[in-house]
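K.L.:
The residues making up each chain are set out below.
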Amino acid sequence: MKKISRRSFVPSGVLGSILMPGIIDQLMASDNQTSSLHHPAKAKSVIFLFMSGGVSHVDSFDPKPKLISDHGKKVTFEHPETKNRPGYENIYLKKPDWKFSPRGKSGIEVSDLFPNVGNQIDEIALIRSMHTSHSNHYNATLGMHTGSFNFSRPSIGSWVSYGLGNMNKNLPSFLVIAPQMPYAGTQVWSSDFLPGEFQGTRVAPGNEPITNLIPRATSKEKQIQDLSALDAFNKIHLGTRMSDDILKARIKSFKTAFGMQSEMPSALDLSSESKNTLDLYGLSPGQKDGFGWQCLVARRLVERGVRFVELIHTGSSANWDSHGNMADHGVLAKQVDLPIAGLLKDLKMRGLMDDVLVVWTTEFGRTPFNNTADNKGREHHNWAFSSWLAGAGVKPGITFGKTDEYGIKPAENPVHIHDFHATILHLMGIDHERLTYRHAGRDYRLTDVHGRVVSDILS
Amino acid sequence: MFNLNHLKAISMAVLVFIPWLSSPFVQLTLAQTDADLFESKIRPIFVEKCQKCHGPDKQKAGLRLDHKAGWQNPGDRGAIIVPGKPDESLLLKVISYNDPLLKMPPDKKLSDQEINAIRLWVNQGAVDPRVLNDKKVGSISLDQAKAHWSFKPVQNNFDLKGLNSKPIDFFISQKLKEINLPLSPKADKRTLIRRLYYDITGLPPSYSQVINFLNDNSPNATEKVIDQLFSSSNFGENAGRRWLDLVRFADTAGENSDHPLPYAYKYRDYVIKSFNNNKPYDQFVQEQIAGDIYAAKNPTPSNSDQIIATGFLAIARRFGHEIEKEMHLTHEDAIDTLGKSLLGLTLGCARCHDHKYDPISAKDYYALYGILDSTRFPFPGCEPKQQPKDLVSIETSNLADPSIVALQKKIEKQKAELAKILVEEGVFIQSFLASIKTPVLLGKGVLKDGSEQDIATTAIEGNLPISVTNGQMIQLSLFPQKNHGMDSTKVEFVIQEVDGKRQLWNVKTDLIDVFLQSNPAKDSYGNLSVWAFFDCNNGLRLLPETLLDFQKNIGLNIWKNGDTPSVFVNASNNIINAWTKLPSRSFFMHPGQNGAVSLAWFSPIKGKISIQGNLKDVHPGGIDGVDWKLELFNANIQPSLNALTLLAEKKKSLNIELLKLQQSLPLPQLAYAVAEKPGKNIKLHLRGDPERLGEEVPRRWLEIFGSNDISNPSASGRKDLALWVTSPANPLTARVMVNRIWGHYFGKGIVKSSNDFGLRGEVPTHPELLDWLASEFIRSGWNIKHIHKLIVLSDAYQQSSTSSVIGLEKDTKNDFYWRMDKRRLKAEEIRDSLLFCAGDLDNTSGIKHPFPPEATWNFTQHNPFNANYDHNKRSVYLMVKRNSRHQFLGLFDGADPNTTTPLRQVTTVPTQALYFMNDPFFHLEAEKLATIAFAFREYEKIVNTLFQISLQRPPTESEKTIVLSLLNPKADKNLTVKDWASVARLLLASNEFVFLD
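These protein sequences, in sequence, are chains G and Z. With this note's numbering, letter number 6 in the first sequence gets 216, and the count goes up by one each step, no holes. With this note's numbering, letter number 845 in the second sequence gets 922, and the count goes up by one each step, no holes.
Do not take every clue at face value.
Stretch-level coverage of chain G by chain Z, calculated; a stretch enters the list once three of its residues show a Cβ under 8 angstroms from a Cβ in chain Z [to be verified]:
hint	region
1	344 to 357
2	421 to 427
3	444 to 452
4	465 to 471
Quick caveat, the hints were computed from the structure, so don't treat them as lab data. The beta-carbon is built from N, C-alpha and C at its ideal position, and this holds for glycine as well.
This is chain G alone, in the form it adopts within the complex (with noise of 0.2 angstroms):
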């Protein structure tokens, strides 16, 4: 298998050292690691964007004109959300909040929730017949990431990074962005019975991104000073035992975690770049917070090859799940739109596009109804909803997939979150039905025992 190497656009932010020279040599080695697993890989890196709570699709990507003429239109049918519920006897269609309008030379029609989005829609493969088996925030948000609703399964980045291995041994392979915990907790970007080196690492936005990260030492002299020193200490010890892989893995992790510590902090140090790609992600100078934090550090860390970069909006809760008012709505996509295009916009420009691939989803989708029609909120929908890929190996500029005229069910091509896990890994030069991992007796895949690759959409 081919070995690539991403070192000639990773600029260190290590300076050399007579002091520990041997520390430096191997940072910025990347071994382990493989550009694709059983067939051609189309994508080297994932950014994949969860919206927690559950977006409206009806409101945003899937356009229903006949949901808004029929307006108020009483309909029957036994929902998960509103069977045997009180005060939801009976139920009415609700028109969306915002309106619909064609965008781009494709002229695929996006709503005015996502404006700048909606610009970006030429690069984008819309899929707007998603559908999950759960219509709980905690099973759906569970599913969306292990394919598996109820139990602790890896999460599709640790699948990705124990299939592909890592590009950049300083940073880890597999990094969430999440200022809030989501739904699910941990398990959401946990490796479970894979390798604890495939878990995902949490970053959040603050003082210290990632846990032990600022160095305690009084300098950085003091730092190599120690970490010479306990490099000595450690090489008399192998050395009185008989070449061992494991010793010596814990005296190189040591190397790779001082390689973290400067890495780590300069691929979340925005000084270097532009007044106009801050611009493009709506950030000010020196802002360490928000979505578009979230976007332009993914951008630099796929750049420094990392495998797998998921960003959460928000959380467990001031989340899409707008029950009350879907004017929610409005202020939360404020806080994505601008980012998610300008992220687009950014990758295209650096050619990173070829490269990278860009997911957007959420849980589930929004009830195109409630119990009446005038309510302002609505309800959890996991029978359908919208979601999309950008980027390397996915068709622009399309749609795939069709729901009816209400946007309740799929009414064409529908896709489970088992065919869009395989999809993903597919562009990932895996097969989802050959990515197995033993455990307990059982060959265990992402996709379980379902998944089929969406071929339509790839390019």
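Here the structure of chain G is known, so what remains is to put chain Z in place on it, guided by the hints.
P.N.:
Positioned in the frame of chain G, the structure of chain Z alone reads:
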């Protein structure tokens, strides 16, 4: 010397010389009947090498070798076996590749040992108990299943007479001969004592303990240390932690909001105590499956441990939002854990269909499921129902005390009285509801999360103000906005008479200061029953219960029914910080999970009124708010209300009396444990779907072990299950446990897949050793410490971990045990050692975690339980959450509390190195270690002390040079504790500290 007296000789029918057990100095003999020979040697050859082409699926040359009549039936070339005459048997010619026409098996000749075994078998008359049996268990044939090594009986007829080595070493050495390697030399004493301390107790020795051992030249010096360590309570903590790994122990339930389990710690302590007391393993397992049943037979204050033991089942993970709806997943977790941890069988795989590889059918699964379904599991609480229930009371007082018996009789009487009133009330409510005419809607609205809204009244028939007559009811109802939550809402509500006396009814001024006096309540003009608070779920019911100064918040007074719905006031002049900020001098309403709460006003006048009000969500961030409705009921309802009030008063006084009586009972001690329910078989879930039911499956034991029925259909069957699992005839239980104990010391089992002894699991590297240990385990009365001790006393365990080129060449993975394997300390061992070296370890037993009081719980998937309670006790006593792992334990490969962990992984990742470089706790402990050493003042002494505490040895010269490169006393005369801390960090972060030779 090892005691061999108990290895009893046995009368031998036939002596068989087993070549691979041969030894120049002792002849190991296995007593075998003809049938033994067939079972142990011949059947496996047929199954593995022949039956693919000569079995149920294919009968090449018309021959079947899967039952006796099959080979007796002449094939294309006549009978293939002539019993007693191997040389005349075609079979022998063919398998020896001596037949010119036929060589079998065609792809690879059998080994000489296999051919010799078949020759012997034919010579002895070809005894073959097999009859034609196409029977399948699960998806494999019974024949194939029975041929699998782990389903065969444990070999227990070893005769090790005259052995001049310890049995373990005998078996290990025999196998090592295959690769011509000896055991490594004994580890040096310092290495050995460190190994023994960590492996037995999980803690390092102190320097003086090491010195004492080094100076003890008596022949039993090692055994003395071993005995001392096994009698230390730290042994139970270490062995207990491994058991807790296995049974996926946690202090939270694992459902969507991860409710705490405040009593789970008792099970943890029970496990530790059991190992320390060396409870026989069969009893240990029986108690965990059916301890409550044993305890019920003979209730004494001292057998509460048996009830607590069933925590093994009770702590099964809960799933989803409403956990009762997902009990089939909880049962799967329990069956899966039981199968893997006790039997080494992946029983959980048979939930949706017959097991693909092992002889376990879906019916087997649902036979066990029925047993669990006839068991009451405790309810830990979940988002819609916050408070726990069905916990088991463990009486520590004397139940026979006559005063307590009398008290309990009174309580029962009172309860019966109360039940009568409830029936009466129910009847009344029905007629009350019937009397209410359809109300007139005066207004409604939706209050979204965190917002505020005026109560705007719509005109009735174009007329405002509203006309009312005496006894008519105006009702303001607040509904939960969605099924997942409800909210605290501040309510202002004023009714004013438009003309006439212009009387004013204000909920604040009328009610706040006299709030708990009555429901219904009077107004400020002295009219009785003007205000009332109702639970609107399923009719209208006056809120029955009161709470004064809730959670010691003075002025926070509540009317409620259960947890919710409720109405409450903050009567104080201060903001109260309870579950949310409650403004002073305010009135609040809180709907229930399933229905509304209402505030009603019964008109004491005939006239016209106007209504004004305001609603404010005072618990923002809970995502939702409430829906509201304002209605006028035209009928004169007040008479009914008065009758209802009377009933409510009666109920209240009965309740108060009952509460007093209950309070005078001794406080019940509770356990998170299971209890019996009426026994009931359940129907098979087709493809694992609890909504699609198949045929009823009787509760019984696994078919592969004989399908025994439960002894008493009206009981759950757990007691039978406990006995089946621990029967000495069960081929798995003892093997699985001794294999685990082996793994504790060698880092891998004799069967490496220690949770899977099935057909897809690994085969034992040392089958005879495994069986010898298992038979010794049963023979010793399931004596756990006995097996531990046998292992640590062996030369195999005590050998050096030094590697060798030739060893690595011949056996890279050390499957033959030619040396000891190095191991990294486990997460708990690292943390405990840091505390130990810093002089910070509180080496006392565990405590209850400081969870918030149950009454205050309001965990949701949006805001799950996620506290941390740190302390300086051993790590086994840390609180374990299912949905968010303990950061340190997660970082260093701690157990996953969501599933059984048979052996810890060891990963080496840079984030671990970051811990040793930058973690505040690590830095703090290093500084404390430096402080201890610094007390010795002199440079040399300080260095020595640091090494002695952390590595239990003095420094070497080259190590002193490294220390000198960090701290040079000549360059810096005033070295401080902080300076020395860098040396302490070096030692505590070193490979020598973290790895065990």
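K.L.:
Next, verify each hint and record whether it holds.
P.N.:
Results for each hint:
| no. | hint | verdict |
| --- | --- | --- |
| 1 | 344 to 357 | holds (count 4) |
| 2 | 421 to 427 | holds (count 7) |
| 3 | 444 to 452 | holds (count 6) |
| 4 | 465 to 471 | holds (count 6) |
In this structure, every one of the numbered hints holds.
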